[in-house]
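*Asks:* Put together the whole structure using the sequences plus the hints.
4 protein chains.
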Amino acid sequence: MSKRGRKKGASGEQSRALLLAIAAEEFAHKGYYETKISTLVQKAGVTQPTFYLYFKCKEAIYQELIDLFSKGLSDLTNKSRLEPGIDFNSLPSRITKGLTGIFTFFSENQNLTRIGFFNSVEAEEIKKQLAIQIKENLISEVDNGYFQTELDMSLIAEILVGTIERLTLTKLFPGIKGPEEIASGIVHLLLNGMLSKRE
Amino acid sequence: MSKRGRKKGASGEQSRALLLAIAAEEFAHKGYYETKISTLVQKAGVTQPTFYLYFKCKEAIYQELIDLFSKGLSDLTNKSRLEPGIDFNSLPSRITKGLTGIFTFFSENQNLTRIGFFNSVEAEEIKKQLAIQIKENLISEVDNGYFQTELDMSLIAEILVGTIERLTLTKLFPGIKGPEEIASGIVHLLLNGMLSKRE
Amino acid sequence: MSKRGRKKGASGEQSRALLLAIAAEEFAHKGYYETKISTLVQKAGVTQPTFYLYFKCKEAIYQELIDLFSKGLSDLTNKSRLEPGIDFNSLPSRITKGLTGIFTFFSENQNLTRIGFFNSVEAEEIKKQLAIQIKENLISEVDNGYFQTELDMSLIAEILVGTIERLTLTKLFPGIKGPEEIASGIVHLLLNGMLSKRE
Amino acid sequence: MSKRGRKKGASGEQSRALLLAIAAEEFAHKGYYETKISTLVQKAGVTQPTFYLYFKCKEAIYQELIDLFSKGLSDLTNKSRLEPGIDFNSLPSRITKGLTGIFTFFSENQNLTRIGFFNSVEAEEIKKQLAIQIKENLISEVDNGYFQTELDMSLIAEILVGTIERLTLTKLFPGIKGPEEIASGIVHLLLNGMLSKRE
DNA sequence: TATGAATGAGTATTCATTCAT
DNA sequence: GATGAATGAATACTCATTCAT
Chain H
1 MSKRGRKKGA
11 SGEQSRALLL
21 AIAAEEFAHK
31 GYYETKISTL
41 VQKAGVTQPT
51 FYLYFKCKEA
61 IYQELIDLFS
71 KGLSDLTNKS
81 RLEPGIDFNS
91 LPSRITKGLT
101 GIFTFFSENQ
111 NLTRIGFFNS
121 VEAEEIKKQL
131 AIQIKENLIS
141 EVDNGYFQTE
151 LDMSLIAEIL
161 VGTIERLTLT
171 KLFPGIKGPE
181 EIASGIVHLL
191 LNGMLSKRE
Chain B
1 MSKRGRKKGA
11 SGEQSRALLL
21 AIAAEEFAHK
31 GYYETKISTL
41 VQKAGVTQPT
51 FYLYFKCKEA
61 IYQELIDLFS
71 KGLSDLTNKS
81 RLEPGIDFNS
91 LPSRITKGLT
101 GIFTFFSENQ
111 NLTRIGFFNS
121 VEAEEIKKQL
131 AIQIKENLIS
141 EVDNGYFQTE
151 LDMSLIAEIL
161 VGTIERLTLT
171 KLFPGIKGPE
181 EIASGIVHLL
191 LNGMLSKRE
Chain S
1 MSKRGRKKGA
11 SGEQSRALLL
21 AIAAEEFAHK
31 GYYETKISTL
41 VQKAGVTQPT
51 FYLYFKCKEA
61 IYQELIDLFS
71 KGLSDLTNKS
81 RLEPGIDFNS
91 LPSRITKGLT
101 GIFTFFSENQ
111 NLTRIGFFNS
121 VEAEEIKKQL
131 AIQIKENLIS
141 EVDNGYFQTE
151 LDMSLIAEIL
161 VGTIERLTLT
171 KLFPGIKGPE
181 EIASGIVHLL
191 LNGMLSKRE
Chain R
1 MSKRGRKKGA
11 SGEQSRALLL
21 AIAAEEFAHK
31 GYYETKISTL
41 VQKAGVTQPT
51 FYLYFKCKEA
61 IYQELIDLFS
71 KGLSDLTNKS
81 RLEPGIDFNS
91 LPSRITKGLT
101 GIFTFFSENQ
111 NLTRIGFFNS
121 VEAEEIKKQL
131 AIQIKENLIS
141 EVDNGYFQTE
151 LDMSLIAEIL
161 VGTIERLTLT
171 KLFPGIKGPE
181 EIASGIVHLL
191 LNGMLSKRE
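Residue numbers (full-length UniProt numbering), protein chains in the order written: chain H, 1 to 199; chain B, 1 to 199; chain S, 1 to 199; chain R, 1 to 199.
Hints listed in this document are in silico derivations from the structure and should not be mistaken for laboratory results. Fair warning: there could be bad hints in the mix.
Pairs involving identical chains hold if they fit within one copy or between any two copies, as the list cannot separate such chains.
[What the hints assert, rightly or not] In silico DSS-like pairs for lysine-lysine, Cα to Cα no more than 25 Å straight-line:
{"no.": "1", "residue 1": "Lys56", "residue 2": "Lys30"}
{"no.": "2", "residue 1": "Lys58", "residue 2": "Lys30"}
{"no.": "3", "residue 1": "Lys43", "residue 2": "Lys56"}
{"no.": "4", "residue 1": "Lys56", "residue 2": "Lys36"}
{"no.": "5", "residue 1": "Lys71", "residue 2": "Lys135"}
{"no.": "6", "residue 1": "Lys135", "residue 2": "Lys30"}
{"no.": "7", "residue 1": "Lys58", "residue 2": "Lys36"}
{"no.": "8", "residue 1": "Lys177", "residue 2": "Lys58"}
{"no.": "9", "residue 1": "Lys30", "residue 2": "Lys43"}
{"no.": "10", "residue 1": "Lys36", "residue 2": "Lys177"}
{"no.": "11", "residue 1": "Lys36", "residue 2": "Lys128"}
{"no.": "12", "residue 1": "Lys43", "residue 2": "Lys135"}
{"no.": "13", "residue 1": "Lys30", "residue 2": "Lys97"}
{"no.": "14", "residue 1": "Lys36", "residue 2": "Lys79"}
{"no.": "15", "residue 1": "Lys58", "residue 2": "Lys79"}
Since the model is a prediction, treat every value here as computed from it, not as a measurement.
*Replies:* What follows is the structure, encoded as structure tokens:
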């Protein structure tokens with residue numbers, strides 16, 4: 001079999017996947033403009049035309065990575081809709097679980113997350129969607145009397161998104177805290193506030 | 001007075017300021033790479049060599065804008081250090097005032113903020129500084145028993161930064177809410193939490 | 001019979017012919033440079049290496065089409081040599097017949113004609129040959145007193161070629177006039193001229 | 001002045017004109033696709049960016065040359081409209097003069113003519129326009145009884161265009177015959193025909 | 001007979017930057 | 001203080017062509 005070491009040759013799907021993985025790495029750390037196709041292919045051990053065999057253009061592979069992230073995230077949030085009508089005390093743990101899911105996904109897909117949630121132009125749109133999702137989840141709880149009724153849920157949703165964003169970058173990615181830990185920290189704070197409970 | 005009829009009566013300093021203002025606008029909305037020197041000078045009504053009369057390179061003018069933002073922000077935070085030893089009840093308003101200051105600054109310097117707080121690579125460093133600042137402010141209150149002692153102030157500081165970040169983009173810049181309004185919303189939520197107060 | 005189920009039952013010769021036909025179509029309408037091998041093989045339902053099984057290179061298949069045209073045309077003109085020593089009155093009809101033959105050939109081989117007579121670099125050479133052929137035919141008539149002796153037969157031959165060329169494109173290919181009609185129109189004009197016959 | 005020999009430096013208009021002239025030469029002899037920007041600029045003694053200082057893209061400079069030709073030709077034909085109501089005998093000389101004008105223009109602008117009348121895709125459109133122009137000129141003579149009434153003027157116009165085309169390439173450009181000579185040859189033939197005048 | 005996979009070599013175009021005046 | 005003119009250095013992308021199977 002394969003004499004004279006045809007790189008890995010095998011299935012073209014492999015080359016494609018390799019390029020995609022390397023692109024994720026590069027885009028995540030150098031950004032779109034500082035990532036050069038020439039570098040990508042070099043790291044993948046293929047030539048430039050091979051790149052264009054699998055991707056229409058630089059923009060296209062970038063978009064594909066964003067879509068991958070976006071799809072993963074929306075799959076996640078779709079699944080983790082808070083189901084209403086559950087008893088009061090489970091609320092914190094349910095929210096925590098949802099957040100933990102997100103942080104876990106981010107943690108397992110750091111490069112994709114950097115691209116789709118931080119660097120790309122589309123990041124803003126993705127965050128907007130996430131905020132909407134969260135807001136709807138929150139509102140469904142209001143009716144049940146979980147939360148104070150006068151809360152601006154849109155504001156809180158955005159605060160949550162900002163929080164997720166920031167803690168991902170400063171606590172999760174550097175490995176300072178794990179998904180569950182961060183999630184419960186957020187939940188505890190947001191639900192109870194910072195003040196020492198005084199009578 | 002200007003002999004030999006200078007075009008548009010632009011003293012050198014004026015050309016420089018004009019270029020800087022236009023650059024802020026362009027960098028803020030198109031980002032570093034999509035902003036072209038050729039466009040800048042065209043909008044400023046000068047030629048390319050003129051640009052290099054005032055700025056060493058593209059990177060330099062960009063950095064100057066970041067520095068402008070960075071300086072403004074740190075001036076602000078330096079000024080608004082929470083002074084300890086003040087009575088308990090004034091805490092919320094003092095924090096609110098600090099945040100309001102930040103949002104006002106951001107609001108009055110949208111382009112600079114977009115560049116220095118959102119788009120640039122240095123943004124991360126700036127946020128990190130801001131978080132440290134906030135954290136120190138918070139810690140000084142802990143001793144006074146304002147806050148629950150078990151709070152992770154580093155986490156909360158990052159949450160605050162993320163919150164500032166997100167609300168600036170989604171509420172402040174679009175004009176949905178004003179600085180004071182946003183600031184007090186944040187403070188109220190973070191201090192008291194979301195839960196309806198039940199006995 | 002074809003064992004081992006050849007795809008589409010295409011014997012090699014069929015693939016070759018198919019490629020040739022498609023190439024004629026493409027080259028004729030898009031020209032050499034805008035015709036891509038990738039498009040050819042795609043339209044033929046084969047892969048690129050298959051193309052190179054039958055043709056040495058792009059240039060080669062193009063040349064083959066030109067040769068096909070060139071051969072067809074010279075076969076035609078060889079056959080239709082004006083035979084000398086025929087009586088005076090048959091001359092116009094004999095010339096008309098020759099031209100009709102050419103137009104018919106062109107009409108039946110539009111793609112080939114477009115390539116070999118219009119688009120290719122070789123077209124010039126082919127026209128030159130045709131002009132020589134025509135000139136010789138004409139000269140043989142001069143001796144017999146058919147034509148005015150002072151005519152520049154080389155000039156007239158070129159005029160005929162230009163005429164054929166132009167009318168092929170503007171009358172024959174669009175279907176405005178048929179081969180015979182065009183041929184007799186030319187002959188009538190060239191023999192008698194445009195002037196109204198006045199005594 | 002100008003130490004250290006800045007090429008010809010002078011006015012940018014000169015560089016532009018030089019590039020245009022060289023482009024005409026190259027396009028005329030190698031065609032669009034075989035003409036490389038790199039060659040153009042090399043022959044002009046400038047660098048590639050300089051090319052793009054004056055022309056938007058390869059296509060643009062090509063089009064500019066075509067437009068130059070097209071404009072020149074239509075100026076010419078506009079000027080040389082046959083004016084009706086002149087006496088019979090002057091007709092041949094008037095037509096001859098018109099044709100001479102065209103051949104002279106072609107002769108003086110060989111490169112442009114090669115591009116605009118022979119090689120480009122637009123050539124066909126330009127010839128179509130020329131044919132229309134000629135046809136209208138001819139028709140205006142019919143009324144005056146110059147020509148046989150049953151002549152198909154569209155056909156004749158196309159014949160003339162084909163004739164012009166061919167003789168330009170085979171007689172004019174090689175310098176075998178001059179403009180006037182070719183023009184009068186055509187006129188004589190087309191008006192009187194080839195046949196020897198027998199009673 | 002046919003192909004999946006890959007590539008060598010080229011080619012237009014862009015942009016920040018700099019002389020000489 | 002300002003400019004007309006020019007350039008060095010990249011970079012994405014294309015296409016005919018070819019292995020190895």
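*Asks:* Cα distance capped at 25 Å. Does Lys177 pair with Lys58 within a copy, between copies, both, or neither?
*Replies:* For Lys177 and Lys58, the Cα distance exceeds 25 Å both inside one copy (35 Å) and across copies (39 Å).
*Asks:* With identical chains treated as interchangeable, where does the CA-CA distance between Lys58 and Lys30 reach 25 Å or less: within a copy, between copies, both, or neither?
*Replies:* both (14 Å within a copy, 19 Å between copies)
*Asks:* State whether the alpha carbon distance between Lys56 and Lys30 is at most 25 Å within one copy, between copies, both, or neither.
*Replies:* both (21 Å within a copy, 23 Å between copies)
*Asks:* Go through the copies and call it for Lys36 and Lys79: within, between, both or neither, with a Cα cutoff of 25 Å.
*Replies:* This pair counts as neither: shortest intra-copy Cα distance 37 Å, inter-copy 44 Å.
*Asks:* How would you classify Lys30 and Lys97 at a CA-CA limit of 25 Å: within, between, both, or neither?
*Replies:* Neither. Shortest intra-copy (32 Å) and inter-copy (38 Å) distances fail the 25 Å Cα cut-off.
*Asks:* When Cα atoms must be at most 25 Å apart, do Lys36 and Lys128 count as within-copy, between-copy, both, or neither?
*Replies:* neither (29 Å within a copy, 29 Å between copies)
*Asks:* What label fits Lys43 with Lys135 when the C-alpha limit is 25 Å: within, between, both, or neither?
*Replies:* Answer is neither; intra-copy 43 Å and inter-copy 42 Å both fail.
*Asks:* 25 Å Cα cut-off: does Lys58 pair with Lys36 within a copy, between copies, both or neither?
*Replies:* both (9 Å within a copy, 20 Å between copies)
*Asks:* Could you place Lys71 and Lys135 in one of the four classes (within, between, both, neither) given a Cα distance threshold of 25 Å?
*Replies:* within (19 Å within a copy, 36 Å between copies)
*Asks:* Could you place Lys43 and Lys56 in one of the four classes (within, between, both, neither) given a Cα distance threshold of 25 Å?
*Replies:* both (19 Å within a copy, 20 Å between copies)
*Asks:* Go through the copies and call it for Lys58 and Lys79: within, between, both or neither, with a Cα cutoff of 25 Å.
*Replies:* neither (32 Å within a copy, 46 Å between copies)
*Asks:* Reference check for the pair Lys36 and Lys177, CA-CA at most 25 Å: within, between, both, or neither?
*Replies:* The answer is neither: 33 Å in one copy and 41 Å across copies each exceed 25 Å.
Violated hints, in rising order: 6, 8, 10, 11, 12, 13, 14 and 15; the structure is consistent with all others.
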